[in-house]
Amino acid sequence: AKVLSVLDERERTILTLRFGLDELGPVELLARARELERANDGQARTYWSAFHFRLSQLLAPFVLGVLATALALSGRGRSARTSALLALGAYLLFFVFTRAGMQVGARGVIAPWLAGYAPTAIALLAGLALLWRAQRRGVA
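Residue numbers (this note's numbering): 3 to 142.
FYI, nobody ran anything at the bench for these hints, they're computed from the structure. Note that the structure is a prediction, hence the values are computed from the model and not measured. Beta carbons: idealized from backbone N, C-alpha and C, even for Gly. Check each hint, because a few of them may be wrong.
Computed Cβ-Cβ distance ranges for the label pairs, DEER-style [as the list claims (entries may be wrong)]: (1) Arg-138 with Val-106: 14 to 24 angstroms; (2) Asn-42 with Ala-131: 41 to 51 angstroms; (3) Glu-37 with Ala-123: 20 to 30 angstroms; (4) Arg-83 with Leu-130: 17 to 27 angstroms; (5) Val-29 with Leu-116: 29 to 39 angstroms.
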């Protein structure tokens, strides 16, 4: 049984090295985070952060759609080129904040669940605020 546990540990290490955090599925990330947490390993934060980031990415297309629609409606007086650049800039900021959130969550600066979901929630709130503003102005 001891040999088997050593082989299992070696296999998990090889799995982690062969497949980076971006290539592991949510189930593997969750299992590895729980396992490292039980062992009081500081690396558990990295896996928890990746897990919550992965779940928040399920909402990202919807959130970015809301934000893009809000930018299009709020900028009716702008040219199509300006609106497209604003939407591209919003997407770029979203990407930067999600990656930064994953990093600060893995380092333990903020809670991993907050780091994973905060950029998505902020982008959704910004999109909803812009939609509300466009509706109040009579554009939508």
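Self-check item: Hints not upheld, ascending by number
Solution: Hint check: 1, 5 fail, others pass.
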